[in-house]
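With the hints as constraints, model all of the structure from the sequences given.
The listed protein sequences correspond, in order, to chains C and X.
Count along the first sequence from 1, add 4, and you get the number used in our numbering.
Count along the second sequence from 1, add 518, and you get the number used in our numbering.
There is no bait here: all hints are sound.
Derived pair list, reagent style SDA-like, types lysine to any residue, alpha-carbon separation capped at 20 Å:
1) C:Lys178 to C:Thr206
2) X:Lys558 to C:Gln192
3) X:Lys558 to C:Asp216
4) X:Lys599 to C:Ser166
5) C:Lys96 to X:Gln604
6) X:Lys528 to X:Lys667
7) X:Lys724 to X:Asp547
8) C:Lys194 to C:Pro135
Hints listed in this document are in silico derivations from the structure and should not be mistaken for laboratory results.
Given next are the chains, with one letter for each unit.
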Amino acid sequence: MKEVMEEAVLLFLLLVIYTPDAQGTRYSPPGKPELTRCRSPEKETFTCWWKPGSDGGLPTTHALYYRKENSDTIYECSDYHTAGENSCFFNKNDTSIWVNYNITVVASNALGSTFSDPVDIDVVYIVKPNPPEKVTVTVMELKEWPFLRVSWEPPHKADTRSGWITLIYELRVKLEGDDEWEMHLAGQQKLFNIFSLRSGGTYHVQVRCKPDHGFWSEWSSTSHIEIPDYLHREKSMWILIAVFSAFIFLILTWSLHMSSHSLKHCILPPVPGPKIKGFDKQLLKNGKSEDLLRVLVVSDFPPTTPSNYEDMLVEYLEVYVPQEQEVLLEESKDLHDSCLKFEGSTSDNDSGRVSCDSHTLLMDKCGEAKEEGRQTDQEDSTTEAEAQGQQKDWDQDTLMYANGDILSPEKSSGRVKTWPSVFSPLPQYTLSLPDQTSSLEMAKQHCYSDSLFCPGSTSSYLTHLGNNDNETLGPGSWEICLSNRQPYSHIPQMQTCQQVRSHSDVNISTIARKQEPAGLPLPFFRPTAYVEVQRFDEEDMVVLQSIVSDHGFHEGFPQMLQQEDYSKVKGVDSNNMLLLQTEAMKEDGDGCRCQDQVTNGVTESSCTLSISTTPHKPTAHIHTVVSTQDEMAQPASGYVDTATIFTLPTY
Amino acid sequence: MAHKGTTGSKLFITVLYMVVSSSAVPVTDLLDRASQRSDKLHALSTSLSQELNSHLPLIGRVITPRPSMCHTAALQTPTDKTQTLQLSEANLLSLARSLLQAWMDPLVDISTSANSLPHPARNIISNQVQELQEHSKSLEDGLDILSRKMGPVAQTISFLPYLRGNDISQDRISSLINLQFLMSCFRRDSHKIDSFLKVLRCRAAKLQPQMC
Numbered sequence: 005m006k007e008v009m010e011e012a013v014l015l016f017l018l019l020v021i022y023t024p025d026a027q028g029t030r031y032s033p034p035g036k037p038e039l040t041r042c043r044s045p046e047k048e049t050f051t052c053w054w055k056p057g058s059d060g061g062l063p064t065t066h067a068l069y070y071r072k073e074n075s076d077t078i079y080e081c082s083d084y085h086t087a088g089e090n091s092c093f094f095n096k097n098d099t100s101i102w103v104n105y106n107i108t109v110v111a112s113n114a115l116g117s118t119f120s121d122p123v124d125i126d127v128v129y130i131v132k133p134n135p136p137e138k139v140t141v142t143v144m145e146l147k148e149w150p151f152l153r154v155s156w157e158p159p160h161k162a163d164t165r166s167g168w169i170t171l172i173y174e175l176r177v178k179l180e181g182d183d184e185w186e187m188h189l190a191g192q193q194k195l196f197n198i199f200s201l202r203s204g205g206t207y208h209v210q211v212r213c214k215p216d217h218g219f220w221s222e223w224s225s226t227s228h229i230e231i232p233d234y235l236h237r238e239k240s241m242w243i244l245i246a247v248f249s250a251f252i253f254l255i256l257t258w259s260l261h262m263s264s265h266s267l268k269h270c271i272l273p274p275v276p277g278p279k280i281k282g283f284d285k286q287l288l289k290n291g292k293s294e295d296l297l298r299v300l301v302v303s304d305f306p307p308t309t310p311s312n313y314e315d316m317l318v319e320y321l322e323v324y325v326p327q328e329q330e331v332l333l334e335e336s337k338d339l340h341d342s343c344l345k346f347e348g349s350t351s352d353n354d355s356g357r358v359s360c361d362s363h364t365l366l367m368d369k370c371g372e373a374k375e376e377g378r379q380t381d382q383e384d385s386t387t388e389a390e391a392q393g394q395q396k397d398w399d400q401d402t403l404m405y406a407n408g409d410i411l412s413p414e415k416s417s418g419r420v421k422t423w424p425s426v427f428s429p430l431p432q433y434t435l436s437l438p439d440q441t442s443s444l445e446m447a448k449q450h451c452y453s454d455s456l457f458c459p460g461s462t463s464s465y466l467t468h469l470g471n472n473d474n475e476t477l478g479p480g481s482w483e484i485c486l487s488n489r490q491p492y493s494h495i496p497q498m499q500t501c502q503q504v505r506s507h508s509d510v511n512i513s514t515i516a517r518k519q520e521p522a523g524l525p526l527p528f529f530r531p532t533a534y535v536e537v538q539r540f541d542e543e544d545m546v547v548l549q550s551i552v553s554d555h556g557f558h559e560g561f562p563q564m565l566q567q568e569d570y571s572k573v574k575g576v577d578s579n580n581m582l583l584l585q586t587e588a589m590k591e592d593g594d595g596c597r598c599q600d601q602v603t604n605g606v607t608e609s610s611c612t613l614s615i616s617t618t619p620h621k622p623t624a625h626i627h628t629v630v631s632t633q634d635e636m637a638q639p640a641s642g643y644v645d646t647a648t649i650f651t652l653p654t655y
Numbered sequence: 519m520a521h522k523g524t525t526g527s528k529l530f531i532t533v534l535y536m537v538v539s540s541s542a543v544p545v546t547d548l549l550d551r552a553s554q555r556s557d558k559l560h561a562l563s564t565s566l567s568q569e570l571n572s573h574l575p576l577i578g579r580v581i582t583p584r585p586s587m588c589h590t591a592a593l594q595t596p597t598d599k600t601q602t603l604q605l606s607e608a609n610l611l612s613l614a615r616s617l618l619q620a621w622m623d624p625l626v627d628i629s630t631s632a633n634s635l636p637h638p639a640r641n642i643i644s645n646q647v648q649e650l651q652e653h654s655k656s657l658e659d660g661l662d663i664l665s666r667k668m669g670p671v672a673q674t675i676s677f678l679p680y681l682r683g684n685d686i687s688q689d690r691i692s693s694l695i696n697l698q699f700l701m702s703c704f705r706r707d708s709h710k711i712d713s714f715l716k717v718l719r720c721r722a723a724k725l726q727p728q729m730c
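Structure, rendered in structure tokens:
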């Protein structure tokens, strides 16, 4: 009965074990094992390890089989335990060197067995010794400097004494807190000295070894050693360093002190003072710009009574010499470029344009002005309408100019007030004193004396004057700097004028032709004559002298002169604009082209400037103008002649 | 084969003269130098073999001939430590010299086939083979000198015939496989030579344990 019961239980158990699970877990043959590595510590024995694959859900066993190269006998590993799990240890009897082993691992379970990939090894190539043993580290002293002496022994298994294995050693050292080790190769010796230690620190030392043709062993366990403090040596060094640096510091201080003066000059150079004749530094320092400008500016240039515009306009032509430094600088800057740059001021051109179409365009050496001129010319045509609106204001200002202090012209100031018609937009100068300019002033632009050129005499720039003392003049004041050659204009701004002149000398004012608006830049250029203020008459008349002598640009002038061509004030139009005209000379179809001078600039008829050029080249005159730089013409004697206003001597 | 005047062989000849004149150069020094040279030789052959293996096609690994088919397999050499240590110094030297001698001709063949090898690292390989030849030659000369100091047994060299069984017109893979096989054989034999010489060195330097 009992036996039956036991059998039944056994059967039941068997069924339970071997019946497939209700959930459906599958049992399978084991996965493929893999031989990971084989190592020999002393070239006498070796061990192989493998990694088993999946076990397929069933208990799996592994077996290692090997075959030596010369025979076909297959042996099984005899020791699976010495080296741990999943390993096979080959003892001395089973190990042959210089012989290839073909090793395979087999995993088997109830459902089958799987073979691993075979591996061929030769024991001599898989040598990895154990780490060195008995590593001792001691601190020793050499002439009061400490050093470490490290000594060790080869692993006890490796037979180096018979020469069977030859080992080379390597050690590494580091301070307690460091991350990086310092490596030292020790060769075959078993002793090593380490110098350059830091006193007071704890050092870690490790050693490892490698056979001549094999793998490095693992690092030995760390040996700790503490270096005693050798403070006296280091202290004396620090004392020495401190004394030395103090000494150097003293020397530096002394030398600095000695050369403090020159150093000061080097680091903080003295600010150069202004160098203007008659300029009062004290006044500048006082900081009252109004006063300053008053000094700079010839007194009451700007007409104070706006009501006298008419008078001003009628009575005289006033040429003003720019007096602000900024203006000075700006002019000089521009002058040096010898270009009138309208770039930033094209809008200004538009705004303040007084029918100065192409008069405003100056021929530029660089040719830039050509572009600008073209622009301005185009702008002229397009913005004349808007300009007209502003013209009034502008005119008023000019009138103020005219009416203003002309009554008290001073030779020194050399002021020449030019008529609005004369004005060409010179935005640069207007912008010179932005802070003082009103919008209107901004609108005002310098008119190149191209318009003056029309009459062929005056080349001047209208520079914006500081508004401070120009209440009389109204919102803005204009200054025209004549190109003064003569020293009679003893003005502090002589330089400016000179520069202006030179600038204007260089530039050829171009007068746009109505007939030829955009097209060529060249047509815009006309030779213009320069006028310089020769003197002021008692009757407040400005004697102008043309300055064409050394300007090849003014090729037209000679002929003009010959033909006695000069500008006349044609009249004053309704806008209180002075219309200048040059008497028409032998024009070869060019006619008078200075309509741009005329304010609203449409007066073709008022030909204020005639450019006489070689007769056979109507348009070529421009070319000639351009190319006349080398041809020195006779000095032109064109000049503005306001018949009604003043008389000018002709030259 | 051409005798190349390498520095090593020149050194050996100088040593020889010195030895002849004064007999002052100890054998230990000679052995030390010889073992250093054999060490270098084995290192070269290992790197060369690895270089060839890296480019060997997979099929080549399968059909690589067994090392037992090396032409030097006929030479009886010890197969474990005890056997090796039981050999006398003269025997050890004789074995080393025989092995080295057996490789002089095959190295020439290896050199020629390496020059025309369809292998990406052909230049490196032929340079290394060249170096191999030089080292072998100088080692051979040095061992020659040594053997004269060690008696007649040391001077006996076993002759190992090398059969040039390779056709010139081999296909690319076959020539590569053959080369790789030869190099593996040489690698092992150079290790044997190195081991024998180092054992010899240790034995000769009984008074200088730091050598071992």
